[in-house]
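Colleague: Taken in order, these protein sequences are the chains called C and H. For the first sequence, our numbering assigns the number 604 to the last residue and increments by one with no breaks. For the second sequence, our numbering assigns the number 386 to the last residue and increments by one with no breaks.
Incorrect hints may have been included.
[What the hints assert, rightly or not] Cross-link-like lysine to aspartate or glutamate pairs, in silico, DMTMM-like; alpha carbons within 20 Å at most: (1) 277(H) / 294(C); (2) 219(C) / 300(H); (3) 277(H) / 316(C); (4) 63(C) / 358(H); (5) 302(C) / 300(H); (6) 63(C) / 316(C); (7) 63(C) / 75(C); (8) 315(H) / 326(C); (9) 394(C) / 497(C); (10) 396(C) / 316(C); (11) 221(C) / 343(H); (12) 277(H) / 322(C); (13) 302(C) / 322(C); (14) 151(C) / 469(C); (15) 315(H) / 316(C).
[As the list claims (entries may be wrong)] Here's a subset of chain H near chain C, in silico, CB distances under 10 Å, partners left out: (16) 286; (17) 297; (18) 313; (19) 366.
These aren't lab readings, by the way, just hints derived from the structure by calculation. Computed from a predicted structure; not experimentally measured. We treat Cβ as the ideally placed atom computed from N, Cα and C, and that holds for glycine.
Each chain is listed here by its residues.
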Amino acid sequence: MLVRMYRYDAVDKTLVSERVAQFRDQTRRFLAGELNEDEFKHLRLRNGLYIQRHAPMLRIAIPYGNLSSRQLRALSAIARRYDRGYGHFTTRQNMQFNWPKLAEVPDILAELAEVEMHAIQTSGNCIRNTTSDHLAGVTPDEIEDPRPWCELIRQWSTFHPEFNYLPRKFKIAVTAAAQDRAASQIHDIGVHIVRGPDGETGFEILAGGGLGRTPILGQVVREFLPREHLLSYLEAILRVYNLEGRRDNIHKARIKILVRALGIEEFRRRVEIEWERSREAGPRVDDREIARLKAFFDPPVYRTLANVDVAEGRSAAFRAWHRYNTARHKVPGYAAVYVSLKAKGKPPGDITDAQMSLVADLADRHSFGEVRVTHGQNLLFADVEQEKLHELWQTLEAAGLATPNIGTLTDIIACPGLDFCSLANAGSLEVARLINDRFDDYDYIYDLGELEIKMSGCMNACGHHHVGHIGILGVDKGGQEWYQITIGGAAGNDASLGEVIGPSVAKSEVAETISRLLSVYVDYRTEDERFLDTVRRIGVKPFKEKVYAAPAAA
Amino acid sequence: MPRRLLRDGRIVLDDWRYSADGPDDGSSPLILKLVEWQSEREHWLAQDRRLGVLLGPSHKVEVLAQDLPRLELIGVEFPTANDGRGYSQARQLREQWKFRGELRAAGYVRRDQLFLMARAGFNSLEVWESDLEIAVAALSDFSWTYQPSNDAGLPIKPRQRAPDTAATA
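Construct the entire structure; sequences and hints are all you get.
Modeller: In structure tokens, the structure reads:
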């Protein structure tokens with residue numbers, strides 16, 4: 051099956067294989083004592099390898115979230131052979147394995163290279179995996195498919211000689227749709243594909259967004275950049291950052307701190323000066339190359355179909371799934387389908403090897419052999435015939451992959467937390483389970499409507515808690531796990547940072563606290579008002595009063 | 218014993234000395250610290266002697282702009298593996314200021330950095346490891362590149378691809 055996604059040519063294949071050989075030799079030197087921990091650290095990080103609480107953690111790049119069924123089967127096989135039979139999808143659309151053995155990592159990378167995958171620059175202070183809209187190419191609301199531009203950025207940023215040792219990690223998101231599903235405003239650089247004055251497409255460039263200890267939303271550096279200058283402009287931003295970003299304090303080293311310290315006007319002025327000087331010698335987007343990349347993402351051959359009412363006469367369970375777990379497709383008769391990785395009692399984003407194999411088979415049968423990873427830690431079939439939805443649902447349901455909760459309270463985003471990560475203060479996964487246990491009445495969940503709960507186990511904010519409608523942050527108080535709650539955050543077009551409601555609460559009170567927040571919402575909401583909108587309208591005070599009114603029941 | 222280094226991909230004996238290496242013989246090619254160059258610039262300009270300047274990571278390369286025709290060598294100091302400012306300094310010197318002399322990487326210059334350094338424009342590498350033969354091999358770690366750069370003395374191929382290698386694979 052010819053999957054509509056980027057396929058490696060001889061150049062890509064050679065480079066990735068050479069990278070495996072390079073890392074195999076670096077690992078050998080480390081194990082032989084020729085490199086010490088420090089000397090090896092920056093090398094392994096640039097191959098996605100962390101040393102974690104229990105074992106190494108290997109983060110595998112899934113460029114802008116696109117996977118072929120063949121690649122997903124390879125991940126399944128790796129999970130089975132080198133891990134404990136499961137993997138974890140992250141908010142950067144990547145996959146993490148938590149139990150590989152260091153000495154076997156080169157072999158894993160070699161297996162990945164066989165299916166045109168790698169772990170290059172998935173950690174370390176360099177340009178990370180470029181992320182994008184999981185509905186790219188199928189959503190009715192986009193200007194053009196952003197993925198060819200993502201691939202252009204992926205190649206340009208891979209092994210970039212100048213930007214592999216930046217002050218801190220660097221994340222780029224690209225989106226072309228009216229609705230921002232890639233959280234572009236919380237990225238170091240957000241690239242928006244927009245129409246220019248003459249109707250031609252170009253880019254709006256944002257910089258300086260990021261979460262972590264100091265959450266800041268990105269600001270516009272350039273309102274319209276002609277397409278041929280994309281890479282030279284990115285280089286100008288990165289060069290200013292590489293030379294002037296702080297290196298004395300890891301917590302102040304992201305580009306957001308530089309942009310804030312200089313102010314956006316001064317930052318822009320420096321970038322523009324650098325760009326004037328450098329763009330002549332810098333990379334120029336080659337029309338032939340972008341045409342070559344675009345050809346990979348040509349739409350599949352759709353059948354000529356009409357939209358149908360698939361819910362008619364079906365069970366309530368199917369109708370709920372159809373309502374919450376499918377999205378509109380630009381082609382009549384088709385739908386995009388979410389595979390929920392938020393089943394009750396399961397860590398958000400986790401998937402077993404058997405589930406991966408099943409999803410790969412279903413992709414071949416129903417979605418042109420392609421699967422996508424979403425920023426929300428679920429999977430997506432982009433191109434499913436509406437007539438096949440019921441059949442697909444039955445199979446997903448039997449495999450525990452059809453929890454009808456996308457965009458609702460139980461579709462929680464969470465980092466791996468204390469269970470795996472050596473940085474975490476808190477067991478994010480345990481809290482997610484407690485919330486799931488507390489809220490299992492779907493009539494109530496659906497009545498609450500769109501709700502994003504995001505949870506991070508520490509200030510690094512891998513779970514994006516600042517931009518959750520309800521954010522939960524694990525904090526350490528005298529060796530005990532406590533949780534700070536924020537409300538009113540959002541990651542989309544109307545991005546905003548949540549406000550802390552008050553003192554942090556004990557683990558046993560998190561679910562009760564959320565219940566109280568929601569009861570305030572239900573009391574105050576106007577018709578069709580989302581939780582987020584109510585918070586924005588009435589402010590934090592009524593929520594705070596309710597939460598801290600009396601001790602929560604244990 | 219003079220230090221050995223990689224220059225244009227070959228192992229050579231260093232014909233330069235640093236001002237900090239010991240008493241000056243008054244004639245050897247000499248690498249000065251930036252502050253030494255700036256404080257006695259007229260003195261050095263008057264000398265009939267090959268001169269170079271060593272930049273630290275926080276120095277802006279523009280400070281040498283008008284002196285570049287006089288300087289045969291510019292050194293760039295890498296204090297640690299993780300401080301990558303020198304890569305940007307190198308590209309600015311090569312691409313914006315058109316420096317064509319010897320561009321030398323000093324400090325934390327280990328074999329796993331050499332490929333990136335050479336790509337950024339360093340044609341001279343003061344390699345930390347004593348086994349320079351193995352270090353030379355690191356310059357061949359990759360045979361293609363994804364982005365244009367300066368590629369000093371590297372056996373790599375240009376990246377241009379024919380459009381017809383596309384989706385038919």
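Colleague: Determine for every hint whether it applies to the structure shown.
Modeller: To see whether the hints hold, each was checked on the structure:
Only pairs whose Cα atoms come within 20 Å are accepted, and residue 277(H) paired with residue 294(C) is accepted, the gap being roughly 10 Å. A threshold of 20 Å between alpha carbons decides the hint, and for residue 219(C) with residue 300(H) the separation of about 13 Å falls inside it, so the pair holds. Of the supplied pair hints, the one linking residue 277(H) and residue 316(C) holds, its CA atoms being roughly 18 Å apart against a limit of 20 Å. At roughly 14 Å between alpha-carbon atoms, residue 63(C) and residue 358(H) fall within 20 Å of each other, so this suggested pair holds.
Taking the CA atoms of residue 302(C) and residue 300(H), the gap is near 15 Å; set against the 20 Å cutoff, the hint holds. Taken as a hint, the residue 63(C) and residue 316(C) pair is broken in the structure, with Cα atoms around 42 Å apart against an allowance of 20 Å. The hinted pair formed by residue 63(C) and residue 75(C) meets the criterion: a straight-line CA distance of about 19 Å does not exceed 20 Å. Proposed proximity of residue 315(H) and residue 326(C) is supported: the alpha carbons are some 15 Å apart, at most 20 Å.
As the CA atoms of residue 394(C) and residue 497(C) are separated by approximately 19 Å, the hinted pair is consistent with the 20 Å bound. With a CA separation close to 47 Å, the supplied pair residue 396(C) and residue 316(C) exceeds the 20 Å bound. For the given pair, residue 221(C) sits about 32 Å from residue 343(H) by alpha-carbon distance, which is inconsistent with the 20 Å threshold. At roughly 17 Å between alpha-carbon atoms, residue 277(H) and residue 322(C) fall within 20 Å of each other, so this suggested pair holds.
A hinted pair counts as satisfied when its Cα atoms are at most 20 Å apart, and residue 302(C) with residue 322(C) does not qualify at roughly 23 Å. With a C-alpha separation of about 18 Å, the suggested pair residue 151(C) and residue 469(C) falls inside the 20 Å cut-off, and the hint holds. Only pairs whose Cα atoms come within 20 Å are accepted, and residue 315(H) paired with residue 316(C) is rejected, the gap being roughly 27 Å. Checking residue 286(H) against chain C by beta carbon gives a least distance of about 19 Å; that is not within 10 Å, so the hint is violated.
Interface hint status for residue 297(H): upheld, as the beta-carbon distance to the closest one in chain C is roughly 9 Å, under 10 Å. The criterion of a C-beta within 10 Å of any C-beta in chain C is met by residue 313(H), whose closest approach is roughly 5 Å, and the hint holds. The beta carbon of residue 366(H) comes within 5 Å of a beta carbon in chain C, closer than 10 Å, and the hint placing it at the interface holds.
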